[in-house]
Amino acid sequence: MLRRWGKRGLEDKIPFIIWEIIVILMVVIALTVSVRGIANNTTYWKKYHSADLALMTDLILTSQGDFNINYNLKEIEPNIVSKTFRIDPLSFQIFLRDDAYFVYDKSIDDDRFPQSYIFARDPARTDVIVSNTTNSYITIHKQGRSLSLGEYYTLPIASCPSDITTGDTTLKHFEALGLSDATAKNYGDYINTVLHRYGNTEHEMLVFLTEDAVQPTTVYYDTDISNPTKSDKMACLIKKQILQKYPDMNIVEKPYDNSFDSNTIFTNNKNNQNNPYNYWIIIQIKKGDISDKDLAESIVNAIDEYYK
Amino acid sequence: MKYTQKYIKNLNKKGQVQYFLESAFRIGFLMVALLAFFLLVNFYIVNRIDTNRLQAEVTANRIIYSDAIMWQDNSRVYPGIIDINKFNDDTLGRRIDYATKSHAAAQLKIIDNKDGTEKYPPAYLNKAQYENFQAIIGKEGKGSATMYTKDYPITYRNGDESNYGTLIMNIIIPNS
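Listed in order, the protein sequences are those of chains A and B.
Start counting the first sequence at 1; every next residue gets the next number (our numbering).
Start counting the second sequence at 1; every next residue gets the next number (our numbering).
I should point out that these hints are in silico values taken from the structure, not numbers from a laboratory.
Just so we're clear, the structure is a prediction, and the values are computed from it rather than from any experiment.
Don't take every hint at face value.
Here are the simulated SDA-like cross-link-like pairs (lysine to any residue), alpha carbons at most 25 Å apart as the crow flies [what the hints assert, rightly or not]:
{"id": "1", "chain 1": "A", "residue 1": "K74", "chain 2": "B", "residue 2": "Y120"}
{"id": "2", "chain 1": "B", "residue 1": "K150", "chain 2": "B", "residue 2": "Y120"}
{"id": "3", "chain 1": "B", "residue 1": "K142", "chain 2": "A", "residue 2": "P114"}
{"id": "4", "chain 1": "B", "residue 1": "K86", "chain 2": "A", "residue 2": "I164"}
{"id": "5", "chain 1": "A", "residue 1": "K254", "chain 2": "B", "residue 2": "D73"}
{"id": "6", "chain 1": "A", "residue 1": "K47", "chain 2": "B", "residue 2": "D83"}
{"id": "7", "chain 1": "A", "residue 1": "K308", "chain 2": "B", "residue 2": "G93"}
{"id": "8", "chain 1": "A", "residue 1": "K185", "chain 2": "A", "residue 2": "K293"}
{"id": "9", "chain 1": "A", "residue 1": "K13", "chain 2": "B", "residue 2": "K86"}
{"id": "10", "chain 1": "B", "residue 1": "K142", "chain 2": "A", "residue 2": "K254"}
{"id": "11", "chain 1": "A", "residue 1": "K47", "chain 2": "B", "residue 2": "F38"}
{"id": "12", "chain 1": "A", "residue 1": "K308", "chain 2": "B", "residue 2": "Y120"}
{"id": "13", "chain 1": "A", "residue 1": "K47", "chain 2": "B", "residue 2": "N175"}
{"id": "14", "chain 1": "A", "residue 1": "K13", "chain 2": "A", "residue 2": "V27"}
Take these sequences, add in the hints, and give me the full structure.
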């Protein structure tokens, strides 16, 4: 067939064919660059994640208790389309600020136009810890008063009751009392020196201390009072503070089970009509588990958190 | 090179003009086609996320399930039982505090079930914005706002006295 073509006609068409090929190549390149640019535009995902996180945080702040949300960013993993068209994998730097989430493409240094979405604060109940992450698997956790953003989080202990227990500790009196042997009494004396920093007007909490060679360290809370949750909360906070110092310790928190009813120091003091405390707890320390200094610090930190 | 020079000499000038005219037309058509392509692609790209309805639901849930205006004993919140002592603009504003006040606004009314009257003045979340939004509700486009109305059967409690009623929530979210 080629032989039948007129040579002059062929010569005339060559520049046009070359020109057409060049134009087609230009068009294909322009379209590919354009589509790739659109595919690499992360505005949608920045909007999506900022709105999603902020609306979830709004709902987290509805709850009174502790909360932990694990959140896997969408479309982060490369797929066959992104590999074929060499689309950059998505990566974001997410900032939790006082009242909003800001999502930056790649990092705050690479992106001048972040997307943000606000949530409703609740300053009476929650302190937002300004934090950021670049991980694709993030967590939002609210524990006690603090709300923060992190890369992973496992709750070290069960949540503590969220009663409102705000109070003026300059008025409240706390006392520690050893129940049994000399060691427990020494613990009590040491802790009392630390507890003197608080007030002396209202008799608030009595901490009984005892030591055991076998049983794990246990914090018992008072179930006799009208609202045991208050004592439960203090026991839980003390346990939490101890676990922060000794993460591997086996420590139990449970309601009082009458196991010290035969102890006269306990029975005489827990219901002392002349000197009544609002509630009591018992800390049974396993021998060698914790130093008196660390225990005193744990109690003080728990008191500060309880009445904040 | 030799071939190219010979070829250029042999080119028919009339043919060149003819190809130029054809090419100009084709280039023009190509430009229009490309423009149409880009316009269509951009037209079908969804870059907007409409969170208005969701934001209204979240705000409503924040009001009805949190302890902002709900009755609370020492530790427990009772969703659906409104504490009249907390039912005011100040408490709502402090406990549901949007940094940008134009983000959402709401009016809360308690209607008594016995006689259908409002026993207490309405409480507002971002009252100033709620009043400003009134003029742009139902309009179209950016700068307008949408109102969502929700009602919940509730008990309202003032001290030891409890009554049944309906909480009507008018939530306004700006369209953006």
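A quick look at each hint next to the structure:
1. Taken as a hint, the K74 (chain A) and Y120 (chain B) pair is broken in the structure, with Cα atoms around 46 Å apart against an allowance of 25 Å.
2. About 18 Å separates the Cα atoms of K150 (chain B) and Y120 (chain B), which keeps this hinted pair within 25 Å; it holds.
3. The hinted pair formed by K142 (chain B) and P114 (chain A) meets the criterion: a straight-line CA distance of about 21 Å does not exceed 25 Å.
4. Restraint check for K86 (chain B) and I164 (chain A): the C-alpha separation of about 16 Å stays at or below 25 Å, so the hint holds.
5. For a cut-off of 25 Å, the pair hint linking K254 (chain A) to D73 (chain B) stands: about 23 Å separates their Cα positions.
6. Annotation: proposed proximity of K47 (chain A) to D83 (chain B) is violated, straight-line Cα distance about 37 Å (limit 25 Å).
7. For the proposed pair K308 (chain A) and G93 (chain B), the alpha carbon gap of about 22 Å is at most 25 Å, so the pair holds.
8. In summary, the hint linking K185 (chain A) to K293 (chain A) is supported, as the alpha carbons are separated by about 14 Å, within the 25 Å threshold.
9. For the proposed pair K13 (chain A) and K86 (chain B), the alpha carbon gap of about 86 Å is over 25 Å, so the pair is violated.
10. A threshold of 25 Å between alpha carbons decides the hint, and for K142 (chain B) with K254 (chain A) the separation of about 57 Å lies outside it, so the pair is violated.
11. The straight-line distance between the Cα atoms of K47 (chain A) and F38 (chain B) is roughly 23 Å, inside the 25 Å bound, and the hint therefore holds.
12. Taking the CA atoms of K308 (chain A) and Y120 (chain B), the gap is near 33 Å; set against the 25 Å cutoff, the hint is violated.
13. Taken as a hint, the K47 (chain A) and N175 (chain B) pair is honoured in the structure, with Cα atoms around 15 Å apart against an allowance of 25 Å.
14. Taken as a hint, the K13 (chain A) and V27 (chain A) pair is honoured in the structure, with Cα atoms around 21 Å apart against an allowance of 25 Å.
The structure fails to meet hints 1, 6, 9, 10, 12 from the earlier list, while all remaining hints are met.
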